[in-house]
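Residue numbers (my numbering), protein chains in the order written: chain X, 546 to 712; chain G, 5 to 794; chain W, 375 to 662.
Hints in this document: simulated from the structure, not taken from any laboratory.
These figures come from a predicted structure and were not determined experimentally.
Among these hints, one or two may not hold up.
If you anchor each label on the Cβ, the simulated ranges turn out as follows [to be verified]:
#, chain 1, residue 1, chain 2, residue 2, range
1, W, Arg519, G, Ala63, 38 to 46 Å
2, G, Leu790, W, Val440, 51 to 59 Å
3, G, Val451, X, Arg705, 37 to 45 Å
4, W, Asp494, G, Glu37, 33 to 41 Å
C-beta atoms are modelled at their ideal positions from N, C-alpha and C, and glycine is treated no differently.
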Amino acid sequence: MSNFEKRPITLTVNGHNHELRVEPRKLLADALREDCRLTGTHVGCEHGVCGACTVLVDGKPVRSCLTYAIQMEGHEVSTIESVAVNATLSPLQQALHEEHGLQCGFCTPGIVMTFEAFLKNKPDPSDEEIRDALSGNLCRCTGYQNIVKAIQKAAEQMRRNPDYVAP
Amino acid sequence: MSPPEFHYIGQHLARKEDYRLLTGHGRYVDDIEVPGALHACFVRSPHAHARIVSIDSEAARQMPGVVAVVTGHELAQWTTRQRMAPPIEGLQAMEMDTLPIDKVRFQGDPVACVIATDRYVAEDAAEQVMVAYEVLPAVSTMWQALEPDSPRVDESLTSNLLSHQHANHGDVEARRREAHRVIESTFSQHRQTHLPIETRGCIAVWDEGRQHLTFHVGTQVPHPYRTTLASRLCLSESQVSVISPDVGGGFGQKIALYREELTVAAVARHLKRPVRWREDRLENLLASAQAREDFCRTRAAVSADGRLLGLELEIIEDFGAYSFYPGNYLARVVAMILTGPYKVQDYSYDVKVVLSNKVGNGPMRAPMAITSWVMEGTMDAIARELELDPVAVRRLNMLQPEDFPYTMATGEVLADITPRETLEGALAAIGYDDFRRRQQQARAQGVYLGLGICTVVESTTYGSRFYKAAGIPGSGHEAAWLRIEPSGAVNASVGLGATGQGYETSLAFAVAEGLGVTPQQVHLHLGHTDIAPYGMGSRGARGGTAGGGTLYLCAQEASVKVLAIGAKLLGLECSLALRLRDGRIEQMTDGEWVATGVGLADVARTAYLDPLALPAGMHPGLEFHRTYEPPPMTYSNSTHLCEVQVDVATGAIRFVRYVVAEDCGTVLSPVVVEGQQHGAIAMGLSGALFEQVYYDEAGQNLSGTLADYLVATACELPHIEILSMHTPNRATPAGIKGMAEGGVMGAIGALTNAVNDALAPFDVVVNQQPLTPMYLRDLLREKSNLTNKA
Amino acid sequence: MKPAAFDYFRPSSLEEALEQLAAAGESAKVIAGGQSLGPMLNMRLATPSDLIDLNDLTELAYIREVGDTLEIGALTRHDQIAESKLVQARCPLLAQAAKTIGHYAIRQRGTMGGSLAHADPAAQFPLIATTLNAKIEIVKMGGQRSLPASAFFQSVMATALTPDEIIRCVRFPKAAENEGTSFQLFNRRHGDYAIVAVAATVVLDGDRVSRVRVGLSGVSAIPQVWDDVVRPFAGRMASAAWAAEVALAVRAAVLPEDDPRISAVYRKELTQTLVERALVHALSRAKG
């Protein structure tokens, strides 16, 4: 007989363990927002297209609407709340601010998480490479131009300051 | 005329609202925790048109975690019907139940609401609600809607023609007779949807003790929304507070009080428990207001040298099934401002708005989006027919600086706009003559480049006199307050609804300039109806003029009192030689501004804590309230130039360059304005290329996921080059004009005209959108088949 | 959109996975990357009562040379394939295709096995597997078999897999010396599924084309390789004109479906254009 009931799981989010009771079908996005009370991860479509829900799982960008919380036991989940340290914005966050790379802010956490990971692997990206990676995040406000500019600025900042450690 | 000097306005300042949004600490409706809140989920019609025979929710109600299932019958007891009946000639009145009782009118029409302990359970239960329908034939196109024997979408109306308005200015028939040529063009814009990344949602908290509803909802118009909500619930406005938190985009979709939201409020009151709803994306695509879907035909009477003698416009808009918004007014604006930057007094229009079995329409960023495409497409058609250069035709007909103020045939007055300047500025920036040379060379290589020109005259602000003249009820004024605290902190509020456009920054500039403090020192409080003054909200690019204008005037009033107190503190007779700069009072001494040592905090402390030290007769405190009635209309203008390359083998369009020259008046925050320009152009281009709400003949919505409804990604949009050519409006505070919709208008026109220019060697004209590769190939193939047969 | 309820299993070995799958029966689905299955679950287009999570089967995530093939474990992620120097060197067609799949975040999770099992008619890996006639290694409790790609894909999103089987790995033939490959796709937006996609390989013998292979998706229910149509063109001089001729022949042969939004004739035209471009590109890569 199939067991659909809630069961206890441990989610490791931003370095902390959360003991939760969730149904297997509960989306990671919902568990983060409701059970862990981390509402910075936003839900935009629930079918993997808009990218607003992007978090990092073991350092890699993942759509939290296409992942079930129960799948994340034993993995490290990082959300937007972990990026700024002691209220200091990361170079990417700072660059988005300086270049006006956000307006309503709803898609922003997904973009930050995608690029915190991306820039770690590609510290000197071309505009084309940035746009390719950004194409998985929909933004309805900015037309993307200032976001691309911000990412270039952040990449340059990070190349100049190699001590910065991304989440 | 040189622009006035501002100290703060126009400064480059990164946005004040960014910190919380960047760090995941924004507070959108769904982020707000309300302990014990129940979750709503709507049961929706799978049919485009059907009678509701019965609803059996027994099985659903038995499921664990399900608290209630309500239908239109219950809602009819708890709420009033909506009546949309503005006293406008040619517009039929429409009424709407809170949830349909007799029949459903579009696929996705909500017929029942399940309330449960969480959304997962609510969705399970919604599947168990059994609704029996008697399917009716559906009206799925505007042409079908106009047929005399078509099924009636709203049986209380005499036909599907919701609104019909026409006007005749001058003598278009005479102009047609005299003309060298009468050139007819058509423009068909497809149905689109706003697609804010944050879907709709709300939380209703009913306080049984105080008999008070607190309603959290992302809305562009907090106060008008509250008035409507109270009225529909038969509550007094004193019993309702609307709180709009951070909002993830609105674009016009978050203005009306929707039936789902009203249902949630009514259920919360009935159950005496908080109820919340987050619309999911499939619902948003299926059942949130949609937009555009208009067809235009122009007939231009022209002389042999390309002068426009007379112009006739016919518009048909497919409005969907319900009046979430008044039916006439979106299409009407197109008709009223169509002639834009061109000189023509013989002009007639005929505007028809029809109902169909689709979601009801709402204004979508630039509801008049089709306007500039139609006018500029007509100019291009004239150039094509008469074999004239499209720039020459525009120059010949465009209003010159000495023509202003110019009263359009429709009575709209154009003043303080610079279309000729932006046209020439943009052409120079892109190197027009050089482009034509490159285009020739490229054609010889089988490469097809095109340049599209679109000059936009964007109506903004919409003052009360405009509404009155157009017969639309409602006001265009705005309200603001400003309070300087005892410590000198500056708080301000205005009745706008923020949805991401940076008001906390741009409006801070208006206050800063009016008062004499830095924008960083000003804090805007928006969206809470208990806090914000009663204003008309955000729509029609009114934020800058109406909102910024009111705040600026309010701040100036505050400045007068502050300086008067300052003068008293300094022992001066009057304050004429004083100014407030960065919150400090300076005195003009020997031709220089000198610090006096008295600051805003000193003035405020006196005003609140030592009122006897105030000038004789002055009341204590530093709180100010102001309303402002803007001009009936203000205008911004821009010229968009889009260079594309069309791959004639596949029909794909590639952007080569995009230049826009814009005059949007005094710019409060250049950072925010640039962002708005990018965003508006992006939305226009995305719409013209990809976005299509597609209903089939049975009224089934085939664009129900984001895999079907396509929005431009970062790889599809061009880099936008902006030339700022701002000039002030002489009738508004600080010369503000308003902007943020013109980009959509310009993008649609510039892109389509560019494609036509690219395909000119093939004698093919694009007259519909979206500009899909398949559509372009169809045109090319048909032409080639005809040529081969010939 | 929340999924219908399901039970969840997380096997830690392939053996355990196969046991669970056999026990669960027809009401079970396996999940790997979840990039295709997730949306279906969330939209309730798929409502399995049991979900078996394969993500702990790390022994199935590998890329290695085995004889004259490149063997890729079913759990290998798209991004790993796109970035792998080994794949770029030994099976460049696969690498070219992998980097066009969806978007950056999707490629972190999507898997080779998942892509083939899902069998979307517009997907990249089914096309590459078909074009190169890869061998698909399939296992179930107590059994295994090997199928060539030509026998694996049966119809739109339907494969030869029985409910108790999963893919273990896929063997792609390594590219030959003097082989040039090209993957071309046409879509509405970056990252969308292809309307038509072409996988082409050519092998040069001097300045003659000794072997040519063209695979297509978007013109039939399953990806197809058009050997019979292109074989007559082998042995000819490599040139742009040759590519154009082959493309015309392929266009004449394909019978795509007609659809109100994308017509059959459009797909045929697109096929011709993409085949020509793919062959020209493949030729240039063969010449090195």
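Practice item. Starting from the hint 33 to 41 Å, judge whether the C-beta atoms of Asp494 (chain W) and Glu37 (chain G) obey it. Key: holds (40 Å)
Check your understanding: Is 51 to 59 Å right for how far apart the beta carbons of Leu790 (chain G) and Val440 (chain W) are?
Key -> Once the Cβ atoms are compared, 57 Å apart, the range 51 to 59 Å for Val440 (chain W) and Leu790 (chain G) holds.
Check your understanding: Per the hint of 37 to 45 Å, is the separation of the Cβ atoms of Val451 (chain G) and Arg705 (chain X) within bounds?
Key -> Hint holds: Cβ distance 41 Å, inside 37 to 45 Å.
Check your understanding: Do Arg519 (chain W) and Ala63 (chain G) keep their Cβ atoms within the hinted range of 38 to 46 Å?
Key -> holds (45 Å)
The structure shown violates none of the earlier numbered hints.
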